[in-house]
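A.B. asks: The hints should help you fit chain B with the ligands onto chain A, whose structure is shown.
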Amino acid sequence: MSEALPQRIVIVGAGHAGGEAAARLRGMGFAGDLTLIGEERHPPYQRPPLSKKYLSGELSLERLLLRPPELYAQESITLLLGERVIWIDRPVKRVRLSGGREIAYDALILASGAKPRRLPLPGSDKSGVFVLRTIDDVEAMRPLFHPGSRLCVIGAGYIGLEAAASARQLGLEVMVLESAARPLGRVTSPEVANFFLDLHTHHGVRFELGVHASAILGGTHVEGVQLADGSILPCDAVLIGVGVKPETDLAQQCGLAVEDGILTDGQCRTFDPRIYAIGDCARRPIPLLGRTARLESVHNAIEGAKIAAAAILDRPAPVLEAPWFWSDQYDAKLTIAGVLDGYDQLVLRGDPKDGAFAAFYFKDSVMLAVDAVNRPAEYLGSKQLLQRNESLAPDAIRDISQPFKAIMAQARVVPAKA
Amino acid sequence: MPKITYIEHNGKSHTIEVAPGMSVMDGAVKHAIPGIDGDCGGACACATCHVYVGAAWLDKVGKPSGMEESMLDFASDVTPASRLSCQIKVNADLDGLEISMPPSQH
Ligand SMILES: Cc1cc2nc3c(=O)[nH]c(=O)nc-3n(C[C@H](O)[C@H](O)[C@H](O)COP(=O)(O)OP(=O)(O)OC[C@H]3O[C@@H](n4cnc5c(N)ncnc54)[C@H](O)[C@@H]3O)c2cc1C
Ligand code: FES
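Here the protein sequences line up with chains A and B, keeping their order. Just so we're aligned: 385 in the working numbering is position 385 of the first sequence, and the numbers increase by one with no gaps anywhere. Just so we're aligned: 1043 in the working numbering is position 43 of the second sequence, and the numbers increase by one with no gaps anywhere.
Just to be clear, a hint being listed does not mean it is correct.
To be verified - Going by beta-carbon spacing under 7 Å, a handful of chain B positions derived as facing chain A:
#1 G1041
#2 A1045
#3 S1070
Said to hold, decoys possible - Label-pair ranges, simulated between beta-carbon atoms:
#4 A:A409 with B:H1106: 19 to 25 Å
#5 A:P285 with B:K1060: 44 to 50 Å
#6 B:K1012 with A:H212: 58 to 64 Å
Because the hints were derived from the structure by calculation, they are not lab data. Keep in mind it's a predicted model, so treat the numbers as computed, not measured. A virtual CB, placed ideally from N, CA and C, is assigned to each residue, including glycine.
Next up, chain A with everything else stripped away, as it sits in the complex (with noise of 0.2 Å):
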């Protein structure tokens, strides 16, 4: 690189990618000025455990937080909590704060994270509707997370599920309406999502396939869901689960390209050579996908902050995992190694009714990703593979008289594509 290593950095968004990117740069060697500014009140914390055991009461907020609060003073990371960064000049490359503060950069990593999706319903401004993203919204909601309270999910996806799933353990009787016919339509196939319905069934959750939300009823607090067809379910409490925007606003007032996702180049890169974009608001070319994409992960969040980091200090990129994810819903451990769209072909292994299967999923024969519900060999094996662009013969997978590392040596790499 010609141009000197910057000496002034600046995180947009202190959240998973930001806090991480920080870590990542001290642990480096960065020795320049380096502020991390995040509009919650909190500092850095993992969102996963938000609808899992935070919101079951299992884990303290002390558990949450990705580092202590004091480990940023000793590390000279200038934290700044509670603010908004409310403009980038470019020209001058300068951050403005909600306050009126302005904060010179040479380089900028841009990790505002996702927001919720509001539904325009009539009604949604009632108190006792909740949406799920940080950790104040599990707060607001706790209240009326007891025993015999009735919620109401809307959005069967993998955050309304896990909250469906908290629920139940707490004592609600829980209810989830989805627009599909299945749910987590957009996430993973018919099989897993049967399995998942199954087990919630089993638990006690009622669902509502098929219908649609057309007003939240109650006085100044929700009463009930009425749907399309006019029918209405009472209710104490309701969370809207219709998946989350990314933050890209900044970029687009900056006038940085934007298409889902801020979008950068493989080093999260956007077109300005100072400014990087990592996490749930940018979209990057993800090479072993062969296309790009703006991934929602821990996963995700943690390679975008070593990129960018190793980017702006000029050292060698990392190497790169395959695409992962988990959710936990009751005893059920699900975790997925990378990205099933596009599948031609399912092969199951195990039977989804003893609680413990994988489905691996296939394109013209070549290994995609795996769903492994209480099977980690499968998951981790089917991750390394994924990663050194090798595939399994779909047969060999269903045997389950041998263990899935055995079958792993059978593993063929994967000719390059022209």
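C.D. replies: Relative to chain A, chain B with the ligands alone:
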């Protein structure tokens, strides 16, 4: 509070206090001790918290669960003393525990 000694692969040793109820992984991450990543935050979904339990402590720490054992099977440089540190909960009996780290977590 129980004291735990973490020995990096390069031999550098860190002794810290870890509150009961926290995991051995939590202790390392919260004190920025390098060598344990803990990417999934203890959900048993990443296997980046692999450690070796000191010989004298193997009995007290106990055996991994079936789930953990299957994960360890895919970690590198595994030995009979290998554990995922997010699955070891700290309690008073583990005061003085010594663990060391593999060459890498990936
Ligand atoms: C309930 C829940 C469960 C999940 N479970 C899993 C799971 O099991 N496994 C998994 O891999 N992933 C899971 N995820 C996804 C994972 O948590 C996200 O992918 C990850 O948090 C993304 O990190 P990020 O830093 O990009 O965004 P975030 O963590 O959202 O952080 C962005 C931060 O930037 C702040 N910000 C935005 N704009 C500005 C601005 N202009 N100025 C200042 N600050 C700003 C926001 O307030 C926010 O704090 C879950 C997410 C949720 C919500
Ligand atoms: S921290 Fe992920 S498996 Fe231990």
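A.B. asks: Decide, hint by hint, whether the structure agrees.
C.D. replies: Hint by hint, here is what the structure shows:
1. G1041: At 5 Å from the nearest chain A Cβ, G1041 of chain B passes the 7 Å test, so the hint holds.
2. A1045: holds, 4 Å
3. S1070: OK, holds: S1070 of chain B within 7 Å of chain A, min 4 Å.
4. A:A409 with B:H1106: 19 to 25 Å: At 22 Å between Cβs, range holds.
5. A:P285 with B:K1060: 44 to 50 Å: holds, 48 Å
6. B:K1012 with A:H212: 58 to 64 Å: holds, 59 Å
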